[in-house]
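Those protein sequence lines, which keep their order, are chains A and B.
Taking our numbering, I'd label the letters of the first sequence as residues -11 to 219.
Taking our numbering, I'd label the letters of the second sequence as residues 1365 to 1470.
Just to be clear, a hint being listed does not mean it is correct.
Unchecked claim - Distance condition first, Cα-Cα at most 25 Å in a straight line; then the derived DSS-like pairs of lysine-lysine:
hint, chain 1, residue 1, chain 2, residue 2
1, A, Lys175, A, Lys(-2)
2, A, Lys202, A, Lys175
3, A, Lys20, A, Lys160
4, B, Lys1433, A, Lys151
5, A, Lys202, A, Lys191
6, A, Lys202, A, Lys188
7, A, Lys142, B, Lys1460
8, A, Lys194, A, Lys175
9, A, Lys189, A, Lys199
10, A, Lys100, B, Lys1388
11, A, Lys151, A, Lys20
12, A, Lys188, A, Lys175
13, A, Lys175, A, Lys83
14, A, Lys20, B, Lys1460
15, A, Lys(-6), A, Lys191
16, B, Lys1388, A, Lys73
17, A, Lys189, A, Lys202
18, B, Lys1433, A, Lys142
19, A, Lys199, A, Lys188
20, B, Lys1460, B, Lys1433
21, A, Lys20, A, Lys99
22, A, Lys151, B, Lys1460
23, B, Lys1388, B, Lys1433
24, A, Lys160, B, Lys1460
25, A, Lys99, B, Lys1388
26, A, Lys20, A, Lys(-2)
27, A, Lys160, A, Lys(-6)
Note that these hints are calculated values from the structure, not bench results.
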Amino acid sequence: MAKDVKPTRKELMEIEDRIDLSERGHDTLEQKRDGLIMEFMDILDQAQEVRGGLSENYEDAQRKLNMARAMEGDVAVRGAAAALKEHPEITTQSKNIMGVVVPVIESSRVKKSLDQRGYGLLGTSARIDEAAEAYEELLESIILAAEVETAMKKMLEEIETTKRRVNALEFKLLPDLYENQEYIEQKLEEQEREEIFRLKKIKAKKEEEEKAAKEAEAAETSDVEPVTADD
Amino acid sequence: MSQEIAVIGSPDFTTGFRLAGVRKFENVPEEEKDAALDDAVERTLADDDVGIIVMQSSDLDHLSRNTRKSVETSIEPTLVTLGGDAGSSGLREQIKRAIGIDLMDE
């Protein structure tokens, strides 16, 4: 890198400007990264809570479904499942956390009352109702988990890119720029020293020439004078 | 835009969700998982009406590497896995990579 730059004062000024900008960018990005990680920690706590609830709900729902199956038979349960009329729907909105767009998922028609389910009351037993209720609860926590986990994934992606940028600035761009700056400064100093030396040489040469000229003149006058003095 | 929840897995796994009203589901019998699960997941991923995919975490092992990666990193739809430990769907790995510490370690 250092070999690509021209050792001129203009280039040095440009590099100094770039160093200034990169350092400011580096500080800002570092702050962004730290902020993102702090936000992420909050979400992580939430996620762990949601996850705990989720596995609890899942076990409960499975147990109830197995019970329904054992008591009513597989066909009855499947028949009831196929008869469902109301279907849960989710709508996604977005929220902004430090420039990261994370989803806010809202659900509708997850929890249903007995008569909304649509499989009829007479043909089925309370066990199927219980299983259906447990699964509705499970769906609710799944929706919550989806929201939190998507937010986490997006935050992690942003943290990764920010971290990469910070590291690129810190370990690649800035060191290169500093190296170039030093290279140019040394080159310029070297040139200055050469210039001074050259001037000194020229001065010495001129002085020598002047001295020689003076001596020659003096010799000329001393050659002519004795003749006139004797007369 | 309103979306739906999709469930992929063995018939035993999906029945419960259908009881709660989930309409989109892919039944893949246990013995066909190695062959058919990939296609089922790809089909669901391509469906714009699906907002959340629910799967059993052990089923992820039946997926091919590419499909597994795309479903794990997918944000829309989001994958939620059930069963297994909390470090679900590659999230734990991603945290380790981005933050540098295994935060899911309990």
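We went through each hint and held it up to the structure:
1. Lys175/A / Lys(-2)/A: OK: lysine 175/A and lysine -2/A at ~13 Å, within 25 Å.
2. Lys202/A / Lys175/A: violated, 40 Å
3. Lys20/A / Lys160/A: holds, 19 Å
4. Lys1433/B / Lys151/A: holds, 22 Å
5. Lys202/A / Lys191/A: Distance of about 16 Å is within 25 Å: holds.
6. Lys202/A / Lys188/A: Judged against 25 Å, a Cα distance of about 21 Å means the pair holds.
7. Lys142/A / Lys1460/B: holds, 15 Å
8. Lys194/A / Lys175/A: Answer violated: lysine 194/A to lysine 175/A is near 28 Å, above 25 Å.
9. Lys189/A / Lys199/A: Between lysine 189/A and lysine 199/A the Cα gap is close to 15 Å, so the pair holds against 25 Å.
10. Lys100/A / Lys1388/B: holds, 18 Å
11. Lys151/A / Lys20/A: Holds, at about 9 Å.
12. Lys188/A / Lys175/A: Answer holds: lysine 188/A to lysine 175/A is near 20 Å, not above 25 Å.
13. Lys175/A / Lys83/A: violated, 54 Å
14. Lys20/A / Lys1460/B: OK: lysine 20/A and lysine 1460/B at ~19 Å, within 25 Å.
15. Lys(-6)/A / Lys191/A: Not satisfied, since the Cα-Cα distance of roughly 30 Å exceeds 25 Å.
16. Lys1388/B / Lys73/A: holds, 13 Å
17. Lys189/A / Lys202/A: It holds: about 20 Å lies between the C-alpha atoms, which stays within 25 Å.
18. Lys1433/B / Lys142/A: holds, 16 Å
19. Lys199/A / Lys188/A: holds, 16 Å
20. Lys1460/B / Lys1433/B: Given pair lysine 1460/B, lysine 1433/B holds - Cα atoms ~17 Å apart, limit 25 Å.
21. Lys20/A / Lys99/A: At roughly 40 Å apart (the allowed maximum being 25 Å), lysine 99/A and lysine 20/A break the hint.
22. Lys151/A / Lys1460/B: Distance ~13 Å between lysine 151/A and lysine 1460/B Cα, so the pair holds.
23. Lys1388/B / Lys1433/B: Holds - the C-alpha atoms of lysine 1433/B and lysine 1388/B are around 22 Å apart, at most 25 Å.
24. Lys160/A / Lys1460/B: holds, 23 Å
25. Lys99/A / Lys1388/B: holds, 17 Å
26. Lys20/A / Lys(-2)/A: violated, 33 Å
27. Lys160/A / Lys(-6)/A: With Cα atoms ~20 Å apart, lysine 160/A and lysine -6/A stay inside 25 Å; holds.
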